[in-house]
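Undergrad: In case you want the letters, here they are:
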Amino acid sequence: MIPPFDPGHDPEEAHDHDMDNVISFHDDLDPATAEAMARAYHQEVDVETAARHLWMLHRAGRARAGSRREDRGGGHGRVIRQVAVSVLVGLMLVSSSGAAVAASRSSLPGDVLYPVKRGAEQAQLILTVDPRAQEQLQLEIARTRLDELRRVVEVRPEAVPRLVADTLAAIEVAGTASSGAESLIAEAEAEIADLAPDLAAAPAEEASSSALSAAAVPPGSPSPAPSPVPSASPTPSTTPVPTPVPAPTPADTPAPTPADTPAPPPADTPAPPPGPSPPAADGGAVVPPESVTVQNPPSPGGDVPPITVTPLAPPTTAPPASAPASSEVPKPNVAPRTDAPGSAAPAPPGWGPARGLRSTGAEDSPKSS
Amino acid sequence: MRGNDGGQRLSLFSEEVADGVRAGDPDAVGTVYVTLADRLLGYLMARVPDRATAEDLLEATFVELLQNGRSIRGGAAAIKVWLFRAAHFNALDHLRKVKRQAEDFYDDMTHVDREDPALGPDDLALVDDVVRQVRAAMLHLSEDQRQVLLLRYVGGLTAPEAATVLGKTDGAVRSLQHRGERTLARLLGDDGAAPSAVPRTSQAKGG
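Protein chains in written order, with the working numbering: chain D, 1 to 369; chain S, 1001 to 1207.
Everything labelled a hint here was simulated from the structure, so no lab data went into it. Glycine is no exception: its CB is placed at the ideal position from the N, C-alpha and C atoms. A few of these clues could be false.
One-sided excerpt, in silico: chain S residues whose CB lies under 8 Å from chain D [unchecked claim]: (1) Met1045; (2) Val1063; (3) Val1098; (4) Tyr1153; (5) Val1154.
Computed beta-carbon distance windows for the label pairs [to be verified]: (6) D:Glu48 to S:His1140: 45 to 51 Å; (7) D:Glu158 to S:Val1098: 53 to 59 Å; (8) D:Glu182 to S:Asp1050: 31 to 37 Å.
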């Protein structure tokens, strides 16, 4: 849109164009005045206000999108909210209200500021455009996880399982992104095996099993409970009728007949994740191909993968991550290993739509030109 | 576009973001917010008495950007100018409204402790002497001069951009700026806040 600097052009004109894209003081400003004005009028939006404003913006955007086309529905809000949080953390980084970020740097899982730290990492990833720098960043993040793991194992052992999962996920992402991760991976594996031998193998196992079970659902293969053949049921079924009546079988759900209902009811899938964590199969289906999906480690695209590709992706490419929705922001404290570890949202508690939505009169805007 | 401003201070949002703004994408508007909110807030707080009002106006301005982004012709720079223009009018609107209310209010209450219209109560507690002096000196400038100085120094706009916001010509803005700078330097020089501020520089035009 704006042409690059063209030295053959009228100098005044070229100068203005060149400076157009840069916020800086121009050389027709008086330095003394600049200093005085900066001191007197420099302001920074504090994070809470920015959170409110960004939330309002996204609400307004959603309302607008909803009123114009309904078909965008579901995933839209999730993505928006997720990006809103990222943008917000980006603001914390950009403006120097990054005190919280700085303070969060040494935080550990379970600390109040830990979500800020994680969020800041995500924001950094988003704000990094250069792919090589992004790889570096991912490596760094993986290293940070590993470092946290070393420290947390002493002070807060209950946070270890979750962190092991996160570490593995981070390493996975770093490994797929860059080639320099081998040593880190080896180091991490040794470390994890050393620190938490029972956990080193378990998460992967669990992930693969859950992936298996999730993958087994769609084609209509029988999930554990329903028995396709009525006579095979352990109950002494006295009815010789070949149609399986759901009554006497010990299966807690009505067993589907293989003939008339080819797809078993989804209620049969073992342990549907109760809250924000989506099943792994869902994630694999929705993620755009170029996004780094993490299948085997137990964080199914939880926090890292979706943002690695397109920071401000069109809202249709819904990442499988748990959207940091207001009501369901997962507490990062103690997460039992059994509930899907991918539910680590970069949202610190308290950020969300619940806070004050002062709507100033946007409609009385002066559009005189 | 992205590459050619390598080492400079703080680059504005990209043209992709500008496209998003024109498409009404809230995320794009959010990115613009991250880039420009501080400057806009500084500008608005110089215009209206208190921080809360300035923050409300800031929000309203960005919601307007979301709603009316389609009408903006041009890229990132045009969006920046649009925002300051919207903020400018929002502040004007608010001040008019407040003035009307105050006129009714003064009928009832005879005294309102508002010693300095440019400073809200929470600011008064914080500002140091220099800040107070600069703000006080700014009140001695003409309205137009003050506008130009705020847009250029606080908002970071170029002279042509400030001219667009205020609906003035380039030359008018430049001369308002110079006179404002001179007055400010004289006032502050008297107070010793900004000793021997050079009244005027003209090196920008030379080459």
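Undergrad: Against each hint, give a clear statement of whether it holds in the structure.
TA: Structure-based check of each hint:
no.: 1; hint: Met1045; in the structure: holds (5 Å)
no.: 2; hint: Val1063; in the structure: holds (4 Å)
no.: 3; hint: Val1098; in the structure: violated (13 Å)
no.: 4; hint: Tyr1153; in the structure: holds (4 Å)
no.: 5; hint: Val1154; in the structure: holds (5 Å)
no.: 6; hint: D:Glu48 to S:His1140: 45 to 51 Å; in the structure: violated (35 Å)
no.: 7; hint: D:Glu158 to S:Val1098: 53 to 59 Å; in the structure: holds (55 Å)
no.: 8; hint: D:Glu182 to S:Asp1050: 31 to 37 Å; in the structure: violated (57 Å)
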